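Asks: Letter by letter, the chains look like this.
There are 2 protein chains.
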Amino acid sequence: MPISEFDLIRRFLQHATAQREDVVLGIGDDCALLDMPPGRQLAVSMDTLVEGRHFVPGADPAALGHKALAVNLSDLAAMGAEPAWATLSLTLPGPDSAWLESFVAGFSALAAIHNLQLVGGDTTRGPLSITVQVHGFVAADSALRRDGACPGDGIYISGTIGDAALALGLMQSRPKTPVPEALRLRLDRPTPRTMLGRLLAGKASAAIDVSDGLVADLGHVCTSSGVAARIEVGQIPVSASAEGYLEQLGWRPVLAGGDDYELLFCVPGDVEADVVTSCREGGHRVTLIGSVEVGAGVSLVYPDGRVSRETPAGFDHFMDT
Amino acid sequence: MPISEFDLIRRFLQHATAQREDVVLGIGDDCALLDMPPGRQLAVSMDTLVEGRHFVPGADPAALGHKALAVNLSDLAAMGAEPAWATLSLTLPGPDSAWLESFVAGFSALAAIHNLQLVGGDTTRGPLSITVQVHGFVAADSALRRDGACPGDGIYISGTIGDAALALGLMQSRPKTPVPEALRLRLDRPTPRTMLGRLLAGKASAAIDVSDGLVADLGHVCTSSGVAARIEVGQIPVSASAEGYLEQLGWRPVLAGGDDYELLFCVPGDVEADVVTSCREGGHRVTLIGSVEVGAGVSLVYPDGRVSRETPAGFDHFMDT
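One line per chain: the protein sequences are X and V, in this order.
By the count of numbering that gives the first Met the number 0, the first sequence reaches residue 320 at its end, each step adding exactly one.
By the count of numbering that gives the first Met the number 0, the second sequence reaches residue 320 at its end, each step adding exactly one.
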C-alpha cells in the first residue's frame, strides 16, 4: 500500500471537524501549534480502543468513531474541563474508504457538538486500534480531582446506571437475546457529560466518570481522598429499559457494570442545595445516592437492609471491563 | 489477566521520568493538569510504532522505548519547540515485567535528557503497539513551519544522512551481513535534534525532520512553501561508517532512506552566516547542501554533473518507509 493513500486519509481528516481560532496550525506540519487561553490549565487524557478487546471485529465504524472520542471527552467532563482539541492515531489493516468515511462521520458529529478540532495524529498499518487524546481548558484550582472528597459530602450520580452493562450482557448471552435499542445506544454511543462537568468545576469536591463500574470508580475516589463511602443501593437511578432486567439479574450490572460514562461526584453540604438546583436548571438529571464518611472502603446498603462492605482491595472484583 | 496488573504498570510509569513544576497533576486522575508558560504556543505531535510494521517482533524493548519517544521529540525539534510533557499508550499482549522495565529504561533515559515528564496515557491488552504524544513550547511566531522557505534561502542538513537506511538494508540483506554498531545505533537510537531546533526557532525560514527520506521530506517543504529546491548531492554529509557502502550501493540510501531524524532547514541569505556560526558554536554539525529556487520540484545535481528533476508527484517513490 503506497503511503500516499494514508496521506489522502490525513487530508480527509483535516477538514472533518470544527475549525477553531486557537489552532495556529493544524494537521500537515511536524506539530500542531495551539494557543492556550490565559489563566487556564490544560487538561489532557488519552485512551485506546483495541479490536477484540474493547469492541468486536466488524463493529459499526460510525459507533467506533463516536465512542473513541466519547470516552476521552468523558475524562474531560470528569475533570470539569472545556473540550478544545483532539489528536487521533488510527492503525488500520489497510485503507478502506467506506469504513473510514463512516468512522469519521461518527467522530466528527460528536466533535461538532463539543466544538472540538482534530489537530493532528498518525495513520499506520496494523491490527485495528484507535488512540485518541483530548485537550481541554479548566480555570486554575477549579478542576474536579479524585482526591478532594470530605466526610459529610453528598455523593451524586448523573443520568442512569447499568444500561451499558446490561446491553453488553444481553449481546453476549446465549441463546441470543434481543437488545432494546435504548440500552444498545447507551453502550455504543455514550454521552460524555461535559456540560455538567463544567457546571460542577470549582463547586464539587471530587468527581470521576463511571467507566470501570460504580463501586470500582467510587473506590478510586475514596482511595485518592482517604475517605469511606456509604451508598444506598436502592437510590441508584436506573432507566425504565433496565428496570425489568434488574428483577432477573439483581444489582450487579448497576454496581459493577462499566461503560456508562456518567459522572459520580461529591458535593460539600454547604453548597449542596445550590449545586443541585443549578444542575437541574441546566437540564441535568442528578441523584443523591449516598454520603462520604470517615474511614476507608465502600459500604453498600441494600433496600432489604443488608449491608455489604467492600474494601479497597476488593474494588477490582467489581470491574467487568 | 486482572486489570490490577495494568494498574501496577501505571504506578511504575508514574515516577519513571522527570518531575516538572508545571505538572499540576500527573498520572492517576481522569486527566493530567498542566500549566502553560505565558506567551508561548503549545506544539503537539503524536506517532505510533506498530510491531511488524515499524519494528520486528522481538525487538530490543529498551531501543523501542527510546525510539518511540525520539521520533516524537524529533517532530518538536523540527518545529523549534522545547519539550515538556509526554503521554504514552502502550498496547501489550500481556504484562511482561522484564520487557516493561527495559522499555521504560529506554524511554525514561531519553526523557531525562530532554527534561520531559510522562503525564498520562493508557495501557491496554492487544497486539504490541506504542503511541506517544509529545507536548512542547515555542514562542509565538517563532515556530519552524514547512511553509516559510523562499527562493534564495540556503538549504542545510544536520549531522549525516543515510546511516539508518544503510543499517536497515544490511539487517534485511540475505545472506546476512554484519551491521556496524555505529550504523545500528543510528537506526535504533536516533538522536532528536531538539537543541538545534530551539536554536533555529525564529531564524530558519522552514524546517522538517528527515523521517521519510531527504528528497521526500524536502519535497514536503517545497510543496508547502510553493518553491523548488536544487541539491548538490555530493555535498550531502555522510558518516565514515556509511562511506564504504555508498561506493557499492550508490546514493539511494542517502536520498531516499528515512529514519535519520536529522533536521533539514532553510536559512535566508541575510542571516545565513550568523545562523551557521551559532549552530557550530553550539556544537551542531550543519552542512549547506543546496538552495531554494523559484518553481516546483527538487533538482538533484550529482557529482558527475548529471541532473535529475523530481516532481512533487514523484517524491513518494523516494520513500522507503
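One or more of the hints may lead you astray.
Identical copies carry no separate label here, and so any pair may be met within one copy or between two of them.
[What the hints assert, rightly or not] Derived SDA-like pairs: lysine to any residue, alpha-carbon spacing no greater than 20 Å straight-line: (1) Lys175 - Val293; (2) Lys202 - Pro150; (3) Lys202 - His283; (4) Lys175 - Ala15; (5) Lys175 - Gly243; (6) Lys202 - His14; (7) Lys202 - Ala61; (8) Lys202 - Pro92; (9) Lys175 - Asp140; (10) Lys202 - Val23; (11) Lys202 - Ala111; (12) Lys202 - Gly294; (13) Lys175 - Ala139; (14) Lys202 - Gly125; (15) Lys202 - Gly151; (16) Lys175 - Pro150; (17) Lys175 - Glu280; (18) Lys175 - Asp146; (19) Lys202 - Leu24; (20) Lys202 - Arg308.
Source of the hints: derived by calculation from the structure; they are not laboratory data.
If you're wondering where the values come from, they're calculated on a predicted model, not measured in any experiment.
Asks: Mind listing which of the numbered hints don't hold for this structure, in increasing order?
Replies: The structure conflicts with hints 1, 4, 6, 7, 8, 9, 11, 12, 13, 14, 16, 17, 18, 20, although it agrees with all the remaining ones.
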